[in-house]
Each structure stands twice: as C-alpha cells, then as structure tokens.
Amino acid sequence: MIVWKFAHILVLVVSSFCLLSCQKRTHAVDFIFLNGAEPQTIDPATLTGQLEGRIAKALFEGLYNYSPDGKVVPGVADSHTVSEDGLNYTFTIRQGVSWSNGEPVTAHDFEASWRRVLEPLTASKYAEILYFIDQAEAYNKGEINDFSLVGCKALDANTFQVRLHTPAAYFLELTAFSTYLPVHIQSVEKYGDAWIKPQHLICNGPFKMKNWFINDKIELEKNEHYWNKNTVRFNRIDALAVNSASTAINMYLTGQVDLILDKNLVPGMLMADLRQRHDIHIYDYLATFFLRFNVTRPHLKDPRVRKALALSVDKQEIVERITRGGEKAAHTLCPPGIPGYPLPEGLNHDPVQARELFAEAGYPDGKGFPRTEILFNKSELNEQIAVEVQSMWKKQLGIDVELRTQEWANYLYSMDHLDYDIARSSWIGDYVDPNTFLDCFVTGRGNNRTGWSHKTYDSLLLEASLTTDVNKRAILFQQAEQILVKESVAVLPVYHYVGVVFYDKERLGGFEPNLLAEHPFQHMYWKDSSQ
Amino acid sequence: MISFLIQRFLQSILVILLVVSGTFLLMRLAPGSPFATERKLPPKVEQTLLEKYDLDGNLGNQFLSYWGNLLKGQLGYSTKFEGRSVVEILKQALPKSLLLGFFSLVVALGLGILLGSYAAMNHQSWRDWIAMFLAFAGISLPVFVIAPLVVLLLGMQFRIFPVAGWGTLAHMFLPVLCLGGYYAAYCSRLMRASMLEVLDKSYIRTARSKGLRELYVIYKHAFKNAVLPLVSYSGPLAAHLFTGSMIVEEFFKIPGMGSFFVNGVLNRDVFLVGGSVIVYCTLLLAMNLFVDLLYVALDKRIKLW
Numbered sequence: 001m002i003v004w005k006f007a008h009i010l011v012l013v014v015s016s017f018c019l020l021s022c023q024k025r026t027h028a029v030d031f032i033f034l035n036g037a038e039p040q041t042i043d044p045a046t047l048t049g050q051l052e053g054r055i056a057k058a059l060f061e062g063l064y065n066y067s068p069d070g071k072v073v074p075g076v077a078d079s080h081t082v083s084e085d086g087l088n089y090t091f092t093i094r095q096g097v098s099w100s101n102g103e104p105v106t107a108h109d110f111e112a113s114w115r116r117v118l119e120p121l122t123a124s125k126y127a128e129i130l131y132f133i134d135q136a137e138a139y140n141k142g143e144i145n146d147f148s149l150v151g152c153k154a155l156d157a158n159t160f161q162v163r164l165h166t167p168a169a170y171f172l173e174l175t176a177f178s179t180y181l182p183v184h185i186q187s188v189e190k191y192g193d194a195w196i197k198p199q200h201l202i203c204n205g206p207f208k209m210k211n212w213f214i215n216d217k218i219e220l221e222k223n224e225h226y227w228n229k230n231t232v233r234f235n236r237i238d239a240l241a242v243n244s245a246s247t248a249i250n251m252y253l254t255g256q257v258d259l260i261l262d263k264n265l266v267p268g269m270l271m272a273d274l275r276q277r278h279d280i281h282i283y284d285y286l287a288t289f290f291l292r293f294n295v296t297r298p299h300l301k302d303p304r305v306r307k308a309l310a311l312s313v314d315k316q317e318i319v320e321r322i323t324r325g326g327e328k329a330a331h332t333l334c335p336p337g338i339p340g341y342p343l344p345e346g347l348n349h350d351p352v353q354a355r356e357l358f359a360e361a362g363y364p365d366g367k368g369f370p371r372t373e374i375l376f377n378k379s380e381l382n383e384q385i386a387v388e389v390q391s392m393w394k395k396q397l398g399i400d401v402e403l404r405t406q407e408w409a410n411y412l413y414s415m416d417h418l419d420y421d422i423a424r425s426s427w428i429g430d431y432v433d434p435n436t437f438l439d440c441f442v443t444g445r446g447n448n449r450t451g452w453s454h455k456t457y458d459s460l461l462l463e464a465s466l467t468t469d470v471n472k473r474a475i476l477f478q479q480a481e482q483i484l485v486k487e488s489v490a491v492l493p494v495y496h497y498v499g500v501v502f503y504d505k506e507r508l509g510g511f512e513p514n515l516l517a518e519h520p521f522q523h524m525y526w527k528d529s530s531q
Numbered sequence: 001m002i003s004f005l006i007q008r009f010l011q012s013i014l015v016i017l018l019v020v021s022g023t024f025l026l027m028r029l030a031p032g033s034p035f036a037t038e039r040k041l042p043p044k045v046e047q048t049l050l051e052k053y054d055l056d057g058n059l060g061n062q063f064l065s066y067w068g069n070l071l072k073g074q075l076g077y078s079t080k081f082e083g084r085s086v087v088e089i090l091k092q093a094l095p096k097s098l099l100l101g102f103f104s105l106v107v108a109l110g111l112g113i114l115l116g117s118y119a120a121m122n123h124q125s126w127r128d129w130i131a132m133f134l135a136f137a138g139i140s141l142p143v144f145v146i147a148p149l150v151v152l153l154l155g156m157q158f159r160i161f162p163v164a165g166w167g168t169l170a171h172m173f174l175p176v177l178c179l180g181g182y183y184a185a186y187c188s189r190l191m192r193a194s195m196l197e198v199l200d201k202s203y204i205r206t207a208r209s210k211g212l213r214e215l216y217v218i219y220k221h222a223f224k225n226a227v228l229p230l231v232s233y234s235g236p237l238a239a240h241l242f243t244g245s246m247i248v249e250e251f252f253k254i255p256g257m258g259s260f261f262v263n264g265v266l267n268r269d270v271f272l273v274g275g276s277v278i279v280y281c282t283l284l285l286a287m288n289l290f291v292d293l294l295y296v297a298l299d300k301r302i303k304l305w
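Line order of the protein sequences matches chains A and B. So the first sequence is residues 1 to 531, counted in this note's numbering. So the second sequence is residues 1 to 305, counted in this note's numbering.
Each hint should be verified, as a subset may be incorrect.
Stated by the list, open to error - On the chain B side, residues computed to face chain A include the following (Cβ under 7 Å):
#: 1; residue: Val45
#: 2; residue: Leu49
#: 3; residue: Met156
#: 4; residue: Ala164
#: 5; residue: Pro255
#: 6; residue: Arg268
Stated by the list, open to error - What the simulated footprint calls covered on chain A by chain B, stretch by stretch (three residues with Cβ under 8 Å from a Cβ of chain B suffice, anywhere in the stretch; the number is not a length):
#: 7; stretch: 115 to 123
#: 8; stretch: 453 to 460
Hints in this document: simulated from the structure, not taken from any laboratory. All residues carry an ideal CB built from backbone N, CA and C; glycine is no exception.
Sequences and hints are given; from them, build the entire structure.
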C-alpha cells in the first residue's frame with residue numbers, strides 16, 4: 001500500500017518536473033554561447049586567458065578593434081599616423097565615444113589604463129606585451145619611476161601618442177589586444193579589485209555587464225552609450241561557464257546554446273562523428289603543440305640526440321590517429337598562415353637518419369641511453385600523444401622512455417624549475433607575427449623553460465626587431481626558426497592546432513574563421529530577424 | 001544534555017581547527033604556485049601577488065596570518081578568481097549544492113527505505129530479488145555512468161528534461177536522479193539487512209502472534225529499530241551531498257560547491273579550499289550531532305549524556 005502511494009506521488013512529481021521542463025529557454029536572451037571555464041577576471045590589466053579576453057573585448061574597446069575576419073579596424077581611435085622610422089604612432093580619438101555612464105572616453109583614459117598595466121603593484125601578468133613601448137619595460141620593472149619617460153602620452157583629450165623602442169609591424173594589432181584595452185580608472189580607484197563586479201563596472205564596449213553568476217554565466221546587455229551601437233544586433237548575450245566537453249556538446253545538440261567557441265569543449269572521442277555534421281567549423285588557429293627538451297640534462301645536451309628524437313616522431317600519424325580534428329602535422333613552431341612569413345623547412349619523419357644520428361651520439365640501437373621521461377599535464381589527449389611518442393622512440397631508436405603525469409600546478413612548477421627531461425607544451429600566438437612564437441626562446445626569457453641558449457638565434461631575433469624591411473625581417477625569422485627546430489632542436493613541434501566551433505551557418509551571421517579566433521559579438525546577428 | 005552539547009561543540013571546534021590548519025599547510029607545501037599560468041609569470045609579479053595575499057615569507061608567518069584573519073572572521077580572497085572573496089563564492093555556490101543535496105538525500109533515503117523494507121518484507125521472493133537487483137545495479141553503476149545514460153535517454157532522446165544548467169526545478173531532476181538514485185541503492189541494502197534482522201526478533205514474532213496486521217507490525221514495531229543503521233549513515237551522507245558532488249555538478253553544469261573545492265585544490269587556491277573545508281567540516285559535524293540526537297529520540301535505551 002505504502003509503495004503504491006509512493007508510486008503515485010512519484011508520478012505526480014515527475015509529471016510536474018516534465019511540465020516545468022517544457023518551458024522554452026529565457027526568451028529575453030538573444031544569444032547564448034559556451035565560453036569554457038569560469039573567467040578568472042575580466043580586468044584587461046590582469047587577465048591572461050582567451051576566454052576572459054572574449055568577455056573583456058565585449059565590454060571594452062581599444063584604440064583599434066577586431067573585425068569578424070580577425071583584421072584590425074579602427075575602434076575608439078578613428079585614425080592614426082606612423083612616423084617614417086615606424087617608431088611613433090599618433091592616434092586620433094573618435095568624437096562622441098563615451099563610457100557606459102555617459103562620460104567621454106579620452107586619450108587620458110588610455111594613458112592612465114596603460115600606466116596601470118605597467119605599474120609594478122598592479123602585478124599585471126601580461127605587462128610584457130606593452131614592452132614594445134619605449135621605456136615600458138624599465139617602468140614595469142621599477143627601474144624608472146617617472147611615467148613621463150614612458151612612450152605613451154595623451155597630448156590632449158583627442159590625441160594619443162605612442163613611441164616604440166623598436167619598430168613593431170604588428171603594433172596596430174596589439175592596440176586591439178586585451179591588455180591594451182582602456183578601463184574607467186576612477187572606478188578602479190574607487191572600488192579596487194571589486195571594480196569588475198556588475199554593480200560597479202563602467203565600460204566603453206558594445207556590451208555592458210548585467211550579472212555575473214559565479215561558475216554559471218555572465219549576462220551581457222547592449223551598451224546604449226556605445227558609439228557604434230546601431231551595428232550591435234543582440235540586446236542580450238549570455239556567456240556560459242562550462243568546462244566539460246560532453247556537457248557542452250549535449251547542451252548544444254539540445255538547443256540550450258547557440259555556439260560553442262572553445263575548442264576544448266569538443267569531445268575528442270566523438271570527433272570523427274562530429275566532423276560529419278554541417279554545423280562544425282574547423283579552421284587554422286595560431287597555436288602549436290610541441291615538446292620541449294630540457295637541454296641542461298647531460299644526455300639531451302647533444303643536438304644530435306634531440307634531432308634524432310625529433311626525426312623519429314611520425315607527426316602525421318599523430319594527427320591522423322589521435323587528434324583527428326583536422327590538425328596539421330607541425331615541422332615548425334610557427335603555424336602556417338602568418339602573412340609575409342613563408343615557413344622555413346623543418347624536420348620530417350626520417351627514422352633512418354634518426355638512427356644514424358643516435359649512433360653517432362653514442363647510442364647505437366639505443367644502447368646506453370639514460371633513463372628519460374616525458375612529462376605532461378594530466379589529460380586524455382596528452383596521455384595518448386605521450387604513449388604514441390614513447391612507442392615511436394622505442395620502435396625507431398630502441399629506447400625506453402617513461403611517462404610522468406602531473407596535475408596542472410605541479411606540472412608548471414616542474415617546467416619552471418627544469419625538473420623534467422622532455423615536456424609536453426603548447427603556445428598560442430598573441431598577434432599574427434612569427435615574433436610571438438620565436439621570442440619565447442631568446443636566452444633568459446621566462447617562457448623559454450628549456451635551458452636552451454643560442455647566441456646566433458638571439459642576435460637574429462634582435463636584428464629582426466630592429467628592421468623595418470618586411471622581407472629582410474621574414475628572412476631573419478626564418479633563419480632563427482631553422483636553428484630552433486632543425487639545427488639545434490630545442491623544441492619538437494608536433495602539430496598545429498585548429499579552431500573548432502559549432503554554430504549553424506544558415507542561422508548565425510557575422511562569424512568568420514580567423515587565425516586568432518577573434519569573434520567579436522557586436523558583429524553577430526541572426527539571419528532570420530524573427531529569432 | 002547541555003553539557004553534552006557544550007562538549008561536542010568544543011570537540012567540533014578542535015576538529016575544525018586541526019583540519020583547517022592541516023589543509024592550509026598541505027596546500028602551501030604542495031609544489032606549484034597559486035598564480036602559475038602556462039605563460040611564466042615574471043618573478044616580481046609573482047612576488048607582488050604573494051605579498052598581496054599574505055602568502056609570502058616563511059610558512060609559519062603565512063600560517064599565523066591566515067589564522068589571524070580567520071579569528072577576525074575573514075576567510076580571505078580566492079587567488080584564482082580575482083576580486084572574489086571566499087565568502088562571496090560560498091554564498092553563491094553553497095545554496096545550490098544544499099538544494100541539490102537536500103533533494104538527493106530525500107530521494108536516497110526515501111527510495112532506499114521503501115525499497116529495502118519492501119525487499120525485507122518479501123524476503124526470498126521474486127519481489128525481493130527484483131528490489132535487490134535494482135539496488136545492485138545502482139551500486140554497480142557509478143554516477144559517471146548513470147549520468148550520461150539518463151541524459152541520453154531523458155534529455156536527448158525524449159527531450160523531457162534539460163541536459164544541463166541551473167535555474168528551474170526541471171534542471172534539478174536529472175542530477176537528483178543520478179545522485180539520489182546512486183545512494184538510494186546503498187540505503188536500500190542497508191535497510192533490507194537491518195529490517196531482516198529486526199523482523200527475526202522475538203518481539204516482532206509476539207506482535208504477529210497477537211494477530212496484528214503486517215503493515216502495522218512493520219511500521220509500529222520494526223521500522224524504528226531497523227532504520228537506526230541508516231540514520232547513522234545519513235549523517236556523513238548528508239554532509240557529502242550538501243557540499244556538492246564534483247562529478248554531478250560538472251556533468252550537469254551546476255554552479256555549486258563541488259567543482260570549486262576540487263578545482264581549488266588543483267589551482268592551489270588555498271583560501272577557497274580552506275573556506276570549503278570549514279563548510280564541509282561544519283556540515284559533517286552538525287549532521288553527525290543531529291544523527292546522534294535522532295538516535296536518542298528513536299531508541300530510548302541509548303544515552304549520550
């Protein structure tokens with residue numbers, strides 16, 4: 001009897017749940033996208049990740065801005081001039097640009113915001129990206145205290161002048177980068193770290209923040225004070241924090257979300273099936289997966305050993321059998337597609353030459369090769385790749401390599417302290433230029449993490465940074481990259497990433513694939529306006 | 001009773017003190033910086049951040065500073081989520097986990113008691129066999145197996161419930177089913193064994209011989225004693241469910257405590273983990289106390305004070 005009563009109640013409860021679930025998603029939201037994990041911050045001065053950058057760029061607009069195809073277009077600045085030596089940029093601030101509280105955006109806001117990034121106490125994790133500006137590095141490192149010596153200055157409310165210490169062909173692109181975005185400095189001073197909360201946030205971008213529910217979603221709504229508000233078609237956007245790939249794809253397939261932006265939100269195991277869908281879009285992305293060699297390890301000091309290890313890895317097999325997302329086998333650190341930079345020749349799969357080099361180095365058939373480990377942070381894909389590389393080295397060179405997995409913080413610690421032999425790594429470019437990849441391996445750079453130092457490499461990069469001749473610059477970078485991946489082999493490029501997004505092309509407009517995966521929301525719209 | 005409660009309160013304080021201290025020390029001794037990113041931070045920036053959060057200097061000073069703040073009632077700020085205090089994060093996340101945990105507990109205990117009692121009442125019949133088969137299936141299928149199955153069936157195939165998210169009652173159905181259903185299987189096994197033992201007692205035989213109805217015997221005489229082992233189990237179970245399940249919360253995208261705690265450990269987010277541990281410990285101790293009191297209420301022979 002009790003069981004029957006309970007069964008009745010259960011049926012009643014389930015039916016009411018069913019009725020409740022039949023409701024449509026909140027109709028006030030025009031567009032919902034999956035942004036990956038919970039943003040750590042949306043403060044342009046301190047954010048480091050791409051997912052945080054997406055929100056920041058929806059809220060703040062820089063001197064220049066991204067178009068849907070990833071090109072830079074005028075933003076708060078409507079024009080600029082460059083001096084003949086490529087060192088001085090003068091930006092003219094657009095008339096009628098204002099913050100979301102109605103106050104005008106001026107050149108002084110940019111000066112104050114960039115100064116904030118460079119202030120040592122701000123502890124900006126990405127201040128380095130402003131080091132192209134004259135004296136910026138010295139100011140950030142506390143070597144000078146007078147900010148007037150730094151090469152960025154508001155000449156008046158509408159004119160902002162920047163002086164670089166070396167020509168940087170991509171500087172205009174950098175002005176659209178997250179760290180260069182302006183912030184409402186009075187809010188920062190008033191509220192401290194809490195200035196990014198919805199109740200305090202004042203912004204100048206196409207959207208403003210309505211709500212921020214931790215680990216849930218960020219609600220953005222159209223900013224009525226945005227200078228170009230007529231081009232913004234969505235009144236309300238929700239950015240959902242989801243970091244499980246299976247959940248993401250379930251939500252997309254059942255129509256709970258309109259767009260999956262983060263490639264990590266695509267389950268690798270389902271890739272082969274998902275690639276058959278009409279709404280999956282795969283395109284080149286400015287990022288590379290590679291292995292680092294710790295050259296301070298005695299047996300990895302010899303370039304012949306590193307070269308042999310590189311030659312015996314069949315990268316094509318890795319992208320075809322493991323990653324399966326249309327990735328390209330990598331022979332260089334820089335990904336293809338950087339305009340004006342033809343990739344140099346790298347190392348192809350050549351086991352015969354690999355064995356010869358290994359024998360020359362003193363390890364015929366792998367005999368006597370010391371115990372070596374591949375370090376990687378715990379992830380299914382990383383593990384599969386490590387196992388594959390391990391088996392390739394066993395087969396081609398006859399060596400036994402062990403695998404060592406660590407959780408994220410520990411793995412970073414081991415890399416920073418050179419407590420590894422060979423480590424899995426990746427790098428995402430900040431701007432479309434070889435420098436964003438190659439500069440990491442200059443002697444002493446924090447991201448070098450290999451112990452590798454090469455005088456010719458350093459001087460080639462220095463020379464490239466000083467030249468304004470684009471052809472000569474490309475040749476210098478090519479020569480440097482050849483040293484890095486072919487002659488000295490400090491790193492072993494494995495594959496170039498692809499961007500993977502899900503959206504229905506028939507419905508969503510204003511979305512274009514591009515190398516930097518920049519997809520500004522202010523240009524997106526529903527093709528059927530009734531949606 | 002008052003002295004018992006005071007004694008338990010003091011014991012609880014001591015336990016929390018030890019657990020929180022241990023957590024802090026382990027978190028700080030584990031390799032890896034709370035501010036590490038794939039792009040290496042300049043040492044000066046890292047130092048500034050460590051100073052900002054009072055995590056610089058030697059471990060002893062850090063520990064004292066942490067306890068100083070705790071005594072002032074300050075749980076600190078997340079080192080991962082900028083500008084977010086631990087209290088603020090817990091305030092947003094805990095109610096969601098509590099709600100999910102409460103419904104899951106109701107399902108676990110409700111279904112467990114019913115299924116277990118039903119099996120015991122029909123001992124060695126096909127009904128017992130079916131009930132225990134369900135319980136075995138529940139125990140054998142972990143949440144990470146059940147969750148995709150129910151999502152596939154009820155979320156994607158029939159589209160009855162949303163596959164993930166938070167906000168309406170409907171969003172809770174699948175996670176509660178997975179979490180509650182899983183523990184219901186345990187509870188039913190526990191209830192069945194206990195009920196069988198009680199049903200074998202002489203006072204139950206006496207009650208039956210008096211010609212009382214079977215349901216009356218079960219409800220009036222057997223249930224109170226049979227449910228005692230389940231009551232003991234429900235304390236830690238409640239604490240566990242109330243503080244969120246990482247797998248369920250992650251799978252169904254519920255912005256609760258589960259993922260904050262686990263990711264907090266991975267991110268070396270020392271203050272957030274400390275805050276979560278305090279919440280977990282407090283809930284666990286409170287639930288155990290509640291269970292002890294319930295025990296006394298259910299069985300007058302038990303004396304705690």
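Consistency of the hints with the structure:
1. A least Cβ separation of about 5 Å between Val45 of chain B and chain A falls short of the 7 Å threshold, and the interface hint therefore holds.
2. Below 7 Å, beta-carbon pairs count as interface contacts, and Leu49 of chain B has one with chain A at about 5 Å; its hint therefore holds.
3. Restraint check, Met156 of chain B versus chain A: the minimum CB separation of about 6 Å is within 7 Å; hint holds.
4. Annotation: Ala164 of chain B was flagged as interfacial toward chain A, and the flag holds, the nearest CB pair being 5 Å apart, inside 7 Å.
5. At about 4 Å, the closest approach between the beta carbon of Pro255 of chain B and any beta carbon in chain A falls short of 7 Å, and the interface hint on this residue holds.
6. For Arg268 of chain B, the interface hint holds, the least distance from its beta-carbon to any beta-carbon of chain A being 5 Å, beneath 7 Å.
7. Beta-carbon proximity to chain B at under 8 Å applies to 3 residues in the stretch 115 to 123 of chain A; the threshold of 3 is reached and the given coverage holds.
8. Check on the stretch 453 to 460 of chain A: 0 of its residues sit with their Cβ under 8 Å from a Cβ of chain B, so the three-residue criterion for coverage is violated.
Consistency with the previously given hints fails for number 8 only.
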